[in-house]
Amino acid sequence: MVPRVGFADAEDCALPEISSTAVRAWLAAGDDSAAQEALTMAVPAAVLRRLRAGRVGHVWLLGRGNVSAHAEPWLRERGWSTAIGSARGLVEGTCELPEGTPDAIWLLGQDGRLSAMAAALVARGAPRVPVLHAAGAVVARVGLAAAAAAGHPVGTLHPICSLRRERPQSRLGSCVFGLEGDPEARAVALRWLGTQRHLDLQGLDAEQRTRYHAACALAGNHLAVLGERATETMRSLGLPGAIASEAIGELLRSALENLLALGVPRGVSGPAARGDLGALARHEAALEGAASALYRMLSGQLVELLQAGQGEPR
Numbered sequence: 001m002v003p004r005v006g007f008a009d010a011e012d013c014a015l016p017e018i019s020s021t022a023v024r025a026w027l028a029a030g031d032d033s034a035a036q037e038a039l040t041m042a043v044p045a046a047v048l049r050r051l052r053a054g055r056v057g058h059v060w061l062l063g064r065g066n067v068s069a070h071a072e073p074w075l076r077e078r079g080w081s082t083a084i085g086s087a088r089g090l091v092e093g094t095c096e097l098p099e100g101t102p103d104a105i106w107l108l109g110q111d112g113r114l115s116a117m118a119a120a121l122v123a124r125g126a127p128r129v130p131v132l133h134a135a136g137a138v139v140a141r142v143g144l145a146a147a148a149a150a151g152h153p154v155g156t157l158h159p160i161c162s163l164r165r166e167r168p169q170s171r172l173g174s175c176v177f178g179l180e181g182d183p184e185a186r187a188v189a190l191r192w193l194g195t196q197r198h199l200d201l202q203g204l205d206a207e208q209r210t211r212y213h214a215a216c217a218l219a220g221n222h223l224a225v226l227g228e229r230a231t232e233t234m235r236s237l238g239l240p241g242a243i244a245s246e247a248i249g250e251l252l253r254s255a256l257e258n259l260l261a262l263g264v265p266r267g268v269s270g271p272a273a274r275g276d277l278g279a280l281a282r283h284e285a286a287l288e289g290a291a292s293a294l295y296r297m298l299s300g301q302l303v304e305l306l307q308a309g310q311g312e313p314r
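If you read the sequence shown in the UniProt record's numbering, its first letter stands for residue 1, the second for the next number, and so on.
The hints are simulated quantities; they were obtained by calculation from the structure and are not laboratory data. There may be inaccurate statements among the hints.
[Unchecked claim] Label-pair distances were calculated between CB atoms; the ranges are:
| no. | residue 1 | residue 2 | range |
| --- | --- | --- | --- |
| 1 | Ala281 | Leu252 | 19 to 29 Å |
| 2 | Thr210 | Val176 | 37 to 47 Å |
| 3 | Leu218 | Ala8 | 54 to 64 Å |
Even glycine gets a Cβ: it sits at the ideal position worked out from N, Cα and C.
Model the full structure from these sequences, guided by the hints.
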């Protein structure tokens with residue numbers, strides 16, 4: 001119980017004197033200027049957007065991992081109600097299907113379980129609504145073949161961002177998505193996306209989808225190698241590991257921000273950007289083992305990019 005102004009002593013109240021009844025009345029008033037002003041003053045902007053959107057539809061999210069933890073609030077903010085189920089429980093038959101009648105189903109379990117999840121949905125008599133998955137490398141009609149054969153429109157909606165359930169600040173609301181599939185599945189995905197941009201993966205075969213996913217992994221996963229090799233080098237000099245890790249992390253963050261804002265070559269700094277090839281050679285010689293080999297490979301490609309004087313438009 002949380003006290004509200006008007007129903008308890010003001011100094012004890014955490015909530016202002018506002019009620020859900022009043023909010024519903026203002027929403028029902030439509031374009032009335034006084035009602036709109038009252039709503040703006042009383043309700044946080046993010047909550048107001050969701051209230052005005054109303055109930056758009058209902059989505060089953062099957063999977064309780066990193067993507068699901070961010071997909072649920074992302075959909076709810078767009079007016080979609082959600083119910084979450086276990087991907088493993090669906091496949092193993094140890095849990096019921098989620099609550100409510102869905103307008104679409106989004107499979108967010110592990111990539112290797114997609115075919116089994118699709119087959120389990122069909123076997124359990126799931127409503128014949130669009131079924132999408134979030135795997136970058138899997139063509140929907142291949143990975144969800146059982147659902148497609150049973151008459152479900154199928155598709156891919158792949159978030160091109162790094163998501164961890166431990167990190168509540170999600171990039172799902174600003175990232176680009178990969179999208180492909182049957183017309184009905186694409187239509188649902190586009191309703192979810194709204195104004196967010198997407199890459200159209202329609203027509204890419206299995207090999208091409210693997211290459212697309214590899215590009216995502218190259219950018220999204222391998223920063224860990226750079227960070228670890230740089231931090232290891234600092235530790236080898238006797239520098240404190242915790243502070244070294246913090247320093248390298250901030251360096252990675254600032255370099256990425258510069259690159260995204262300015263592109264290649266203007267967003268690149270350091271000896272390669274200055275044309276100091278001697279410094280690059282000294283760095284490579286000073287580093288040891290894997291760090292030296294990594295530096296040699298990356299600095300060679302960086303010099304080529306900078307000498308070309310252009311990068312992909314951003």
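Has the hinted range 37 to 47 Å been met by the Cβ atoms of Thr210 and Val176? violated, 19 Å
Could you see if the CB distance from Leu218 to Ala8 stays within 54 to 64 Å? holds, 57 Å
If you check the beta carbons of Ala281 and Leu252, does the distance land in 19 to 29 Å? Given range 19 to 29 Å: holds, Cβ gap about 24 Å.
Hint 2 from the earlier list is the only one contradicted by this structure; the remaining hints agree with it.
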